[in-house]
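> Just so you know, the sequences run in chain order S and G. Read in order, the letters of the first sequence are residues 1 to 113 in our numbering. Read in order, the letters of the second sequence are residues 1 to 112 in our numbering.
Simulated from the structure, these hints should not be mistaken for lab results. All C-beta atoms, glycine included, are put in the ideal place defined by N, C-alpha and C. It is possible that some hints are incorrect.
[Unchecked claim] Some chain S residues well away from chain G (every beta-carbon gap over 12 Å; in silico): (1) E17; (2) N18; (3) Q37; (4) V55; (5) L61; (6) G106.
[Said to hold, decoys possible] Calculated lysine-lysine pairs in the DSS-like style (CA-CA distance at most 27 Å, straight line): (7) S/K57 - G/K57; (8) G/K57 - S/K70; (9) G/K53 - G/K18.
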Amino acid sequence: TQLLEQSPQFLSIQEGENLTVYCNSSSVFSSLQWYRQEPGEGPVLLVTVVTGGEVKKLKRLTFQFGDARKDSSLHITAAQPGDTGLYLCAGAGRGSTLGRLYFGRGTQLTVWP
Amino acid sequence: DVKVTQSSRYLVKRTGEKVFLECVQDMDHENMFWYRQDPGLGLRLIYFSYDVKMKEKGDIPEGYSVSREKKERFSLILESASTNQTSMYLCASRPPPNYGYTFGSGTRLTVV
Chain S
1 TQLLEQSPQF LSIQEGENLT VYCNSSSVFS SLQWYRQEPG EGPVLLVTVV
51 TGGEVKKLKR LTFQFGDARK DSSLHITAAQ PGDTGLYLCA GAGRGSTLGR
101 LYFGRGTQLT VWP
Chain G
1 DVKVTQSSRY LVKRTGEKVF LECVQDMDHE NMFWYRQDPG LGLRLIYFSY
51 DVKMKEKGDI PEGYSVSREK KERFSLILES ASTNQTSMYL CASRPPPNYG
101 YTFGSGTRLT VV
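Using the sequences provided together with the hints, build the complete structure.
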């Protein structure tokens with residue numbers, strides 16, 4: 001069962017463009033995280049959002065957690081080649097899930113100079 | 001910074017071999033996880049552990065086992081390696097809920 005659906009699966013854009021990646025679910029999560037993974041490496045945590053409606057900014061990246069805590073988005077302003085990578089969202093289940101996260105399948109972003 | 005260290009970056013093993021993948025974390029985290037990552041399938045949870053000697057099956061435990069004898073070390077064992085276990089294996093650890101995972105750099109395992 002794929003609890004988190006990410007879209008788009010692939011994104012190829014020119015440097016300077018803006019983009020948004022979506023992460024949707026029918027389940028409610030206690031928190032949601034975004035990771036970026038570069039080839040041959042493990043994913044690296046970018047942000048955790050906890051409160052419904054929360055917006056967090058990390059330089060040119062803006063993360064939003066939906067009011068109902070079922071979805072999230074990542075917006076990148078003026079993308080740069082260094083933003084290239086696989087972006088993963090992950091949700092923490094409510095109740096006793098022993099700390100596990102549920103991952104989306106990822107969005108592969110390529111930013112061309 | 002938390003470090004999660006996986007013992008090998010690349011491994012090549014033969015079909016039928018018993019394979020050990022080791023993972024060590026240095027921040028006293030209770031929770032540790034093993035995932036495999038395959039193109040188009042994303043990260044799939046194999047096993048996880050929330051305490052020493054405790055383990056829970058993830059979504060795809062068949063063909064794997066784990067060992068956690070010390071808090072800092074979580075080992076993944078392929079009892080009899082098969083070609084369909086060729087994959088990128090990622091270990092992660094996590095402090096209490098609402099904090100993120102710290103992943104290791106991964107082990108790319110090829111079974112021939």
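> So which of the earlier hints does this model not fit?
3, 6 and 7
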